[in-house]
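Colleague: Here are the chains, one letter per residue:
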Amino acid sequence: MVAGTHPDDIDLFDYVEEDLPQPRRAEIQAHLSACSVCSEQVSRVEAGRDALRGAQFMHLPERRGEAIFMNLPTQVREPRRRRALTPKQLIAVLTPVIAVAAVIGVLVNTNSNSGSSSAAGETSGGGAAGTRSGANPEAAQAATLFAGGTATDVAAELRRKGFRADVQRDQVVVKGATQKQVREALADRGAGDVQIVVKGR
Amino acid sequence: MEDPDAPLVARARRGDRWAFEQLVERHQHRLFTLAARTLGSADDAADAVQEAFIRAWLGLPRFRGGSLFSTWLYRIGLNAAHDQRAKRRTEPLDEVREPADPKDAFIASELSTSLQAALNELDEDYRVAVVLFDVLGCSYSEISALTEVPEGTVKSRIFRGRRQLAGLLGTRTAEE
Numbered sequence: 024m025v026a027g028t029h030p031d032d033i034d035l036f037d038y039v040e041e042d043l044p045q046p047r048r049a050e051i052q053a054h055l056s057a058c059s060v061c062s063e064q065v066s067r068v069e070a071g072r073d074a075l076r077g078a079q080f081m082h083l084p085e086r087r088g089e090a091i092f093m094n095l096p097t098q099v100r101e102p103r104r105r106r107a108l109t110p111k112q113l114i115a116v117l118t119p120v121i122a123v124a125a126v127i128g129v130l131v132n133t134n135s136n137s138g139s140s141s142a143a144g145e146t147s148g149g150g151a152a153g154t155r156s157g158a159n160p161e162a163a164q165a166a167t168l169f170a171g172g173t174a175t176d177v178a179a180e181l182r183r184k185g186f187r188a189d190v191q192r193d194q195v196v197v198k199g200a201t202q203k204q205v206r207e208a209l210a211d212r213g214a215g216d217v218q219i220v221v222k223g224r
Numbered sequence: 005m006e007d008p009d010a011p012l013v014a015r016a017r018r019g020d021r022w023a024f025e026q027l028v029e030r031h032q033h034r035l036f037t038l039a040a041r042t043l044g045s046a047d048d049a050a051d052a053v054q055e056a057f058i059r060a061w062l063g064l065p066r067f068r069g070g071s072l073f074s075t076w077l078y079r080i081g082l083n084a085a086h087d088q089r090a091k092r093r094t095e096p097l098d099e100v101r102e103p104a105d106p107k108d109a110f111i112a113s114e115l116s117t118s119l120q121a122a123l124n125e126l127d128e129d130y131r132v133a134v135v136l137f138d139v140l141g142c143s144y145s146e147i148s149a150l151t152e153v154p155e156g157t158v159k160s161r162i163f164r165g166r167r168q169l170a171g172l173l174g175t176r177t178a179e180e
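Quick mapping for you: the protein sequence lines, in order, are chains X and P. Using the working numbering, read the first sequence as starting at 24 and increasing by one per residue. Using the working numbering, read the second sequence as starting at 5 and increasing by one per residue.
Where hints are given, some of them may not hold.
What the hints assert, rightly or not - If you anchor each label on the Cβ, the simulated ranges turn out as follows: (1) P:R21 x X:Q45: 52 to 62 angstroms; (2) P:G63 x X:A115: 45 to 55 angstroms; (3) P:N83 x X:E69: 30 to 40 angstroms; (4) P:N83 x X:A53: 20 to 30 angstroms; (5) X:A122 x P:A14: 37 to 47 angstroms; (6) X:P110 x P:N124: 33 to 43 angstroms; (7) X:T109 x P:A90: 39 to 49 angstroms; (8) P:D20 x X:F80: 25 to 35 angstroms; (9) X:H29 x P:E152: 21 to 31 angstroms; (10) P:A90 x X:P110: 44 to 54 angstroms; (11) P:R18 x X:A49: 23 to 33 angstroms; (12) P:T117 x X:S56: 29 to 39 angstroms; (13) X:S56 x P:A10: 41 to 51 angstroms; (14) P:E29 x X:A122: 57 to 67 angstroms.
The set of hints was computed from the structure by calculation and includes no laboratory data. For every residue, glycine included, the Cβ atom is placed at its ideal position computed from N, Cα and C.
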């Protein structure tokens with residue numbers, strides 16, 4: 024400490040609280056013995072401390088304590104916050120969603136093409152087996168085509184070409200094949216009234 | 005530092021009222037002393053304490069344990085006391101009632117001492133600092149966390165608060 028300069032508040036406070044290391048404490052003590060301004064301050068601070076430490080601790084009146092419990096409202100739970108996804112996590116989540124959406128899109132597109140063909144009434148593919156839907160409940164899940172000739176002939180032709188085809192109640196039921204494969208197989212047969220139900224794999 | 009209130013706080017955060025009531029029992033008198041000494045009125049202090057505990061209960065789900073529960077609670081208490089003081093300034097004073105309970109009479113007499121009168125005249129920052137340090141025995145770091153000022157500022161406020169208080173008490177003694 025430079026002679027003639029006063030210690031700051033914190034130094035004097037630490038002196039009063041006896042929190043100073045001994046060399047610094049000795050310096051302050053030397054200053055106080057020569058400086059009436061600082062020694063007066065220290066005396067006041069000690070008097071203030073003694074008055075405050077004589078202050079009584081107080082107890083909350085019982086009825087006011089009880090009122091706290093009676094007036095506690097229902098605690099509202101904070102909803103758990105979800106962390107934002109990182110770009111990697113976002114890709115991992117979105118990829119399967121997009122893939123599923125694409126497959127659905129293709130299927131819907133195929134069905135709507137089928138629907139428009141049936142709305143047109145008959146055939147598609149230049150006289151080859153045409154497609155209709157709504158003829159029976161199965162049509163909702165299985166594609167229905169139409170071809171010329173008799174059901175027996177159509178089934179026989181399909182079996183010759185390697186399809187699993189049977190005649191059931193005047194319809195030809197083809198299993199384990201796609202609509203496109205059946206349509207191509209019957210491309211030469213032309214339009215007609217033989218109903219062919221194609222059940223997928 | 006391990007928080008001695010942590011187990012009860014964890015339960016209270018999940019909505020356990022019993023656990024919260026234990027915390028109220030544990031802290032209500034210290035919080036009341038803080039409020040009463042900083043407000044200088046038993047009724048206002050009790051209102052502030054009640055408000056503080058309600059705010060604490062509602063705020064517990066957001067309490068992350070970044071400080072001691074007591075530090076967090078006392079900060080809420082000081083804010084509630086501050087609001088109570090502001091409210092009191094805009095409202096007419098209630099009629100003073102005769103305390104029915106001897107304990108209430110003790111509080112009333114404590115709050116009518118020359119010490120309390122001097123405390124009421126201190127700057128608010130000094131009053132809060134000296135009450136926390138000299139009356140409640142809080143550490144510098146707790147007061148620093150509570151009042152959001154550095155420890156050096158805490159020491160300086162206690163120093164000046166005590167000095168100002170002694171001056172006020174001296175003046176009063178001279179007047180009496």
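Colleague: Compare the structure with each hint and give your call.
Modeller: Checked hints:
1. Look at R21 of chain P against Q45 of chain X: about 53 angstroms separates their beta carbons, and that is inside 52 to 62 angstroms.
2. In this structure the supplied range 45 to 55 angstroms is violated for G63 of chain P paired with A115 of chain X, their Cβ-Cβ distance being about 37 angstroms.
3. At about 32 angstroms, the CB distance of N83 of chain P to E69 of chain X agrees with the hint of 30 to 40 angstroms.
4. At about 44 angstroms, the CB distance of N83 of chain P to A53 of chain X disagrees with the hint of 20 to 30 angstroms.
5. Distance hint check for A122 of chain X and A14 of chain P: the Cβ-Cβ separation is about 44 angstroms, which falls inside the suggested range of 37 to 47 angstroms.
6. P110 of chain X and N124 of chain P have their C-beta atoms about 60 angstroms apart, which leaves the hinted 33 to 43 angstroms range violated.
7. Between T109 of chain X and A90 of chain P the Cβ separation comes to about 46 angstroms, which falls inside the hinted range of 39 to 49 angstroms.
8. Separation of D20 of chain P from F80 of chain X is about 29 angstroms and conforms to the stated range, judged on CB atoms against 25 to 35 angstroms.
9. In this structure, H29 of chain X and E152 of chain P meet the distance hint of 21 to 31 angstroms, their C-beta atoms being roughly 29 angstroms apart.
10. Between A90 of chain P and P110 of chain X the C-beta distance comes to about 49 angstroms, which sits within the given range of 44 to 54 angstroms.
11. Distance hint for R18 of chain P and A49 of chain X: a CB-CB separation of about 56 angstroms, inconsistent with the stated range 23 to 33 angstroms.
12. The hint said 29 to 39 angstroms for the Cβ distance between T117 of chain P and S56 of chain X, and at roughly 35 angstroms that hint holds.
13. For S56 of chain X and A10 of chain P, the hinted distance range of 41 to 51 angstroms is satisfied, since their beta carbons lie about 49 angstroms from each other.
14. At about 60 angstroms, the CB distance of E29 of chain P to A122 of chain X agrees with the hint of 57 to 67 angstroms.
Consistency note: the structure conflicts with the earlier hints numbered 2, 4, 6 and 11.
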